[in-house]
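Student: Given next are the chains, with one letter for each unit.
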Amino acid sequence: MFGSSAAYRDFEATALPHLPALHRSARRLLGDGADAEDVVQDVYLRAWRSFRSFERGTNCRAWLFRILFNCVTDRRKKRSREMVADDSEEILERQAATAPQWDRLTDAEILAALDALPDGMREVVVLADVEELSYKEIASVLEIRLGTVMSRLSRGRALLRTRLTESGTPRDIAEATR
Amino acid sequence: MKVVDFSHAHCKRVEGLLDAYVSGELLVETAQDVERHAADCETCGALLENLEGLRRAVRRAALAEAVPPGLDDRVRRRVERDASGARTRRFWLAAVAALVLSFGAGWMASLAFTGHPPHRYIANEYAIHQMLRGVDGVFRLGLGTHAHCAYYRPEWKDELPAEEIVRELGEYAPLSDVVREEAPEGFELLVAHRCDYLGHEYLHFALKGDGGLISLILTTPQDGDAYAEEFAVRTAGGFEAVGFSAAGYVGFVVSDLGDDGNLRMARAFRGRVGDVLRGIEG
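Taken in sequence, the protein lines are chains A and B.
Take 1 as the starting number for the first sequence in this note's numbering and just add one per residue.
Take 1 as the starting number for the second sequence in this note's numbering and just add one per residue.
Mixed in with the good hints, there may be bad ones.
Here are some, though not all, of the chain B residues that point toward chain A, as calculated from beta-carbon distances under 7 Å [unchecked claim]:
1. G53
2. V75
3. R81
4. A232
Simulated from the structure, these hints should not be mistaken for laboratory data.
In this text, all values refer to a predicted model and were calculated from it rather than measured experimentally.
A virtual CB, placed ideally from N, CA and C, is assigned to each residue, including glycine.
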């Protein structure tokens, strides 16, 4: 409507510009488009209700991502989706790999490989490589240690790289991580 | 003499820094060390190029997915509904508190909640209630807002400064120009504000002149808000309201002009108001 209160106008100007980033991440974290849309709406509703407690001038994007991950966790619990255990070292072994032809891979192939990563790795890769949050921001959003951020990011990228070379397919990632 | 080969050790060190390097997490000096080594070492250079390529590809693929059309509108509506509900609850909480505390020592508390002495508040609400008796559906909004503002916000100034209009209305300020230009001769714009009543939010413009008082009220329809006619007319309490729809909004022109004055103004307002609202809403 008219956003009649100054608080609403402030919220709209501060929080709504981050909607595309929140939706992108929700899509990668939940895999389902309808769930991702629902979660984004939930995020903004929760953010609005707690906007008074948000300190102006601080990192709104990280604050919203914190809310996003809480909503995603709640949604996953409802779906009874289990965290996939970390991968075997065999898969994560670094290779002096032949560089894949990144430009020849389609967006669909890359996203399928990303979506097939275990939850913990995927979350960090999305926040670091898509949304370009700092390690410190990622640790705060996910409530994990800095070292855990670095470890999951390194292993997540290695897994992606291994499976997106010409010798692998995204399906192999899911099979390899069972 | 034993020759110690540091190159492998250096490669291992740089390899361990590559993830942090592409994420921009290294100190400047360390980052420069990585760059120098990668430029001289074919293996580490290939690893770095590989990792940067991966990062670019992942970001490119994720950013290529568009936000579903209309998602930002759905988010706004959901938040606005929540905000509107909260204001309505606060209004009724204040009203109940005023009634409960309307006698004896509760007098000052009532003033704090409503801004009015309780007896005046009760009298106002009764007058509004009497005025709206028999008024149906969406017209209760228009006539009710007009009366509500008249009783509770009698801010009739001699002049309404432009900066005050902008401060109050923000992006909707251009509507005040339309109201001024379409107003009958002799009427001046003295009120332009946002208000809420009965769970709706409104833009309210009020003109005053020798001939009386005119309000233009705009709001967005909620469930059940609609007009059966192109210009719907109702009367109550000596006032006449003409309702119209424009650009997805419902509007009311309320006055005691008579002689089809309201209808003429509604016709004049509707087209121009609709154009301005469409331009604002995008």
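Student: Would you mind marking each hint as holding or not holding in the structure?
Tutor: Right, here's what the structure says about each hint:
| no. | hint | result |
| --- | --- | --- |
| 1 | G53 | holds (4 Å) |
| 2 | V75 | holds (5 Å) |
| 3 | R81 | violated (9 Å) |
| 4 | A232 | violated (21 Å) |
Hints 3, 4, counting from the list given before, are not met by this structure.
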